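Taking the hints as your guide, dock the two standalone chains into a single complex.
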Amino acid sequence: MGLVFFSSSLVLYLLATAAFVTHLMGVRETARRVALTSLGLAFALDTAGLLARADQVFALRSPHDQISLLAWFLVAVYLLLQTRYRLDVVGALVSPLAFLLTLSSYIVYSGDDELSRLGSSWLPAHVAPAFLGYAILVVASCLSTLYLLQEHQLKSKRASGLTRRMPSLETLDALNYRCVAWGFALFTIGIITGSILAKVAWGTFWSWEPVQILSALAWLIYAVLLQTRSLGWRGRRAATLTLAGFVLLVVSFLSLNLGLSHGNGVG
Amino acid sequence: MVSADVEATERMDRGDRGAREVLVVGLNHRTAPVAVREGLALTDERIDEMNRLLCSLGGVDEAAVVSTCNRVEIIACASDGERMENEILSVLRDMQPGIAGDLDNLLYTHRDREAVRHVFRVASSLDSMVVGEPQILGQLKDFYARAASVGATGTVLHRCFHKAFSVAKRVRTETAIAARAVSVGSAAVELASRIFEDFADKTAMLIGAGEMGELAARQLVAAGVGGLMVTNRTFDRAVEMAREFGGTPVPFDGFPRYLPMADIIIGATAATGFVLTRDAVQTALRERKGKPMFCIDVSVPRNFDPQINDIDNAYLYDVDDLSEVAEVNLEERAREAGKAEQIVLAEVESFWRWFSQLDVVPTIVSVRAKLERIRQAELARVLQELGPLTDAQRQALERMTTSMVNKILHTPITRLKTHDRRDELFFVDAVRSLFELDEPEDP
Numbered sequence: 229m230g231l232v233f234f235s236s237s238l239v240l241y242l243l244a245t246a247a248f249v250t251h252l253m254g255v256r257e258t259a260r261r262v263a264l265t266s267l268g269l270a271f272a273l274d275t276a277g278l279l280a281r282a283d284q285v286f287a288l289r290s291p292h293d294q295i296s297l298l299a300w301f302l303v304a305v306y307l308l309l310q311t312r313y314r315l316d317v318v319g320a321l322v323s324p325l326a327f328l329l330t331l332s333s334y335i336v337y338s339g340d341d342e343l344s345r346l347g348s349s350w351l352p353a354h355v356a357p358a359f360l361g362y363a364i365l366v367v368a369s370c371l372s373t374l375y376l377l378q379e380h381q382l383k384s385k386r387a388s389g390l391t392r393r394m395p396s397l398e399t400l401d402a403l404n405y406r407c408v409a410w411g412f413a414l415f416t417i418g419i420i421t422g423s424i425l426a427k428v429a430w431g432t433f434w435s436w437e438p439v440q441i442l443s444a445l446a447w448l449i450y451a452v453l454l455q456t457r458s459l460g461w462r463g464r465r466a467a468t469l470t471l472a473g474f475v476l477l478v479v480s481f482l483s484l485n486l487g488l489s490h491g492n493g494v495g
Numbered sequence: 008m009v010s011a012d013v014e015a016t017e018r019m020d021r022g023d024r025g026a027r028e029v030l031v032v033g034l035n036h037r038t039a040p041v042a043v044r045e046g047l048a049l050t051d052e053r054i055d056e057m058n059r060l061l062c063s064l065g066g067v068d069e070a071a072v073v074s075t076c077n078r079v080e081i082i083a084c085a086s087d088g089e090r091m092e093n094e095i096l097s098v099l100r101d102m103q104p105g106i107a108g109d110l111d112n113l114l115y116t117h118r119d120r121e122a123v124r125h126v127f128r129v130a131s132s133l134d135s136m137v138v139g140e141p142q143i144l145g146q147l148k149d150f151y152a153r154a155a156s157v158g159a160t161g162t163v164l165h166r167c168f169h170k171a172f173s174v175a176k177r178v179r180t181e182t183a184i185a186a187r188a189v190s191v192g193s194a195a196v197e198l199a200s201r202i203f204e205d206f207a208d209k210t211a212m213l214i215g216a217g218e219m220g221e222l223a224a225r226q227l228v229a230a231g232v233g234g235l236m237v238t239n240r241t242f243d244r245a246v247e248m249a250r251e252f253g254g255t256p257v258p259f260d261g262f263p264r265y266l267p268m269a270d271i272i273i274g275a276t277a278a279t280g281f282v283l284t285r286d287a288v289q290t291a292l293r294e295r296k297g298k299p300m301f302c303i304d305v306s307v308p309r310n311f312d313p314q315i316n317d318i319d320n321a322y323l324y325d326v327d328d329l330s331e332v333a334e335v336n337l338e339e340r341a342r343e344a345g346k347a348e349q350i351v352l353a354e355v356e357s358f359w360r361w362f363s364q365l366d367v368v369p370t371i372v373s374v375r376a377k378l379e380r381i382r383q384a385e386l387a388r389v390l391q392e393l394g395p396l397t398d399a400q401r402q403a404l405e406r407m408t409t410s411m412v413n414k415i416l417h418t419p420i421t422r423l424k425t426h427d428r429r430d431e432l433f434f435v436d437a438v439r440s441l442f443e444l445d446e447p448e449d450p
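Residue numbers (this note's numbering), protein chains in the order written: chain C, 229 to 495; chain G, 8 to 450.
Just chain G, same shape as in the assembly (with noise of 0.2 Å):
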């Protein structure tokens, strides 16, 4: 008994957890550039097949596939690495015989731990593209569910990518990695938020129709400006605008006598000259009672006066501004990844304790301890109780609780050698949690 539980711990130090790996293989927007990646892009069907497929190898026992457009990666849990990534390799090298040959430098494995670790960087947004987008989750889950629903995945999966998800929600509850704004638009919009408290009876009016232009203000509109007026020198491209806004054209000629109902201006006109004149703004503040004006100048050559930033109450940011803007927030979500990647080491740690002890013989070795332990206490205890015995009678307890102990042990025990892989982790999953194997041991 004492010398199969040192066994058992020895294995699990060496990792030796009868060779059931964690693999991830893949390639993303760092290691293939987009003409290989967009070769890999899967349809829905065909990654069902491949989860199929990868399932059906031998020695793979679960698989899930990641086919977005800045990545493509297969996540498996399999009894030989090694086979199982020459297959993977070549089911990839399948799909895009053009670049077979550069394939093998474009992809990435990773085992064990930095394998987990990678699931759950991907998942927190971590190995993004721009760090901290929040796309990424909601696609992780969708691939999950995709494999779990053709019976891809398994315990280790499952455990892994559940884990995942809430590792993201840590470290978006825990860290800032996707408070601020990166983009020109939602610069606009965390700007605008720093003069106004409520956007809903607040008015925006887009001035021309240049693309950043037209992006900012739906980048408004969607974040609750409840009204929007609409300019242009081609007035049916105003009506246009406005209709698809839903906000209300104001003929390019007379748009100075609506801006005093303007809280957020926008300038996206190719105009040469200033359209949006110091004077302008000055007077209609002054029909504004001092009531904050932000403008936002996306054109270039600019549109407005700098010279209104220099009225009181009135802001203004040109598209250099908002870049800026942009570039310090995406600055700040690269300090924010550190604290993340730390969450990540420790849940990674937490997921591997679990994992390194998910084998056959390592909880049977401490099924039956738990239990020999409870049965010694309770034979102690009995023992003081009735006082002085003969050696037979003695005897004849250890003899009778030791069998109970077997007998109760006997088809946990046979069930958890059953030879089915999948099965087997099921029932160590199982065993483990029903006599609490993984909690801290009572001192």
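Chain C with its partners taken away, still in its complex shape (with noise of 0.2 Å):
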């Protein structure tokens, strides 16, 4: 069963990502109905795939369950973003990395992890909103990757039929700000909660784990990021920033699923 929906999906993102090209190469609308269509689609059997073994993944215990929600997570916010913009262009991005996510999800060890021994109620009070968070902010680094992209046609005198089908840097620029403004807020309840966790666990908030340190580095640069936009930091500076921010998140991801901490931090 979960392996119908799981290869299902898969094969939905695939096309999503597919149609999405098409659609961005081309003129058809027929493209761009299709990618919307699958990845909807592909949505409707994660979330059948996730409610179907509920009381597991909402207890968050393996990283598999994990991957999966933030998979959830991603696509959901693209797809709330895409009611009201036409973002195609992110769809393009958001597309294969759901695919990556979801397939990755299945390539890790799903067995019980060090966090799973824990058995401890805030794992999942640290994990869903920081997973939120991180799905919020991975659209906004899409967003600024997109930004930069356009910003430097712009300014280079250039035009292809890509950046034309963008989102205006007005859009980008705004839409962005709101995103790392909403994944900010949900990332931090997620270190809260997660050094909460730590507490709890090990019986220190704090123990300068490669994870806490990057994750406490990419907090601080969203933070600037939105103190400063009343100064003018906004459009190519608050793109570059939003990267700087998703790098460290993903080093810190990695750093936790490499091994290289114990995960009693907050990722």
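Check the hints yourself; a few may be wrong.
As the list claims (entries may be wrong) - For each label pair, taking beta carbons as the anchor points, the in silico distance ranges come out as:
#	chain 1	residue 1	chain 2	residue 2	range
1	G	E247	C	R386	33 to 41 Å
2	C	Y334	G	F172	51 to 59 Å
3	G	Q142	C	G268	39 to 47 Å
Just so you know, these hints were derived from the structure itself, not from any lab.
Everything numeric in this text was worked out from a predicted model, so none of it was measured.
Ideal Cβ positions, reconstructed from N, Cα and C, are used throughout, including at glycine.
As structure tokens, then:
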């Protein structure tokens, strides 16, 4: 049952990716409809798959469940934004990411990890907001990447079919700001519950683990980004900061999963 | 019956449809210089007159005159193409006796598939001076309506024009032929829309009274830019232009003070130095908290310091940059035109299938064949239900069904053989559609 859901949604994510790319290269509206439909279907399948194993999933014990949840959040955030803005180009980035995340959720060790043996009810309270925050920050990074592309093309007086199909700088910047604000808020909750989790499990809020240090740095960067907007740090600077924070987050996430940290930190 | 069917098919294969032809005779911006085209430009009354005249010529069934500043064309359906062409030529020669001798070299004639293809290409703006320009379709609709209003069009041209309009629509939606800006003004709008999402809450500032600047400002306002400030060394001129655009005049000496309010700045003065400096933009941007500024310099020599483009959130385009954008877009249109040509070709074939069946003899043959098939099938079914019959009974059934079919078909076929050519096409088209003769047969 799980495998059927899994392989169908993988195929649908691939299909959505291909259709988005086709749409962006040509003008065919059909490709766009195919892309959004297959992404929507994949999302529905994932939702059903998550609900079918709700009791395990919401305990969020295994990396498998955590990554599945991250993929689900990512697509959810994108689809929510797409209902209000025309963000086909973002879809072309989110679809392959969802594919990779779903695929890797099955490749990673799918038994219980060290975290799950903690058996703490703080675990979901940490993982859920942190991962929703991650998902939103991933979308923000996609928007920032597009901003930098569009900005570079405008400055260098070039245009491609792709940049013309992108949202305007104004939209990309405004959406990026809102995503970072929401992502930051959730990420903050994740950090707080994460340190409570650490306290419950190991008796200390902070233990200088790489994952903790990197997450704290990312948190600082996002805080700076949000604070300096009123000083005129928008556009290219904001996009660069968003991406810098994102790189730190990815590294901290990997450090957790590659065993550099014990996993008693924030990620 | 069968031999008649074969004969009709052979006739169609030869393209012989009772010698009915579609014809386009005319000249356009490629074949004739403007001096000739303006001599042939027609007033509305003259067009009505010509439409009537053409239809009154022997052998001409339908005609429609098209006359824009880039083309004069006569689209016609005639039973005698050769004669028709000569008539049209003489009509055109009469219009401008001075160039009568040259006219033959300037005119082109398209026949049959090529003629239909030409009409479709014109409607889709593939034959326009600026490929993809949107005006021609509306013009063509007007000229068609004009010809129809004096009764010059009939079944063939009616279908041909309507098909042309739908082909044009397909080309517009399925290719990017008209998607890109190809003038300096529209290039400015296209670039602005890559920076700004909503124009309504944006303000533009026009510095100077140069023609190109005025054009760019006009296009931006037409695209929805909410506010416009106008400044000029001569303040009266600024007031005058502001009134014309519904904008606000701003004194030239103090214009940098208003810069922070401007999202788009257009430079079009005759000044030789830089009117807008890097520092001025930097200061304005600081006050705007980094909200982007789009600087469009359409003046030669340039009014805006090129270094403005190095400032974060400021985007500077000079007149060459804008022309470049327009130029690149024009090339892209040419690429899209290739796709459009494919659409046109496919649609010509579909029109031609309809047109080549549009004749009395093949229609009679097909309608008879269709009813005969129905008769046979029904008869076989009844015979099976009735069980064994005597030969006499069987023949009686055959006779009865055959004569029913013949009696039913008698009036329609007599009508089809009417000798008025325009009525004939009307009935042929009606019969073909009522009996679904153009639909693929059920297996």
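Hint-by-hint comparison with the structure:
no.	hint	result
1	G:E247 - C:R386: 33 to 41 Å	holds, 38 Å
2	C:Y334 - G:F172: 51 to 59 Å	holds, 54 Å
3	G:Q142 - C:G268: 39 to 47 Å	holds, 40 Å
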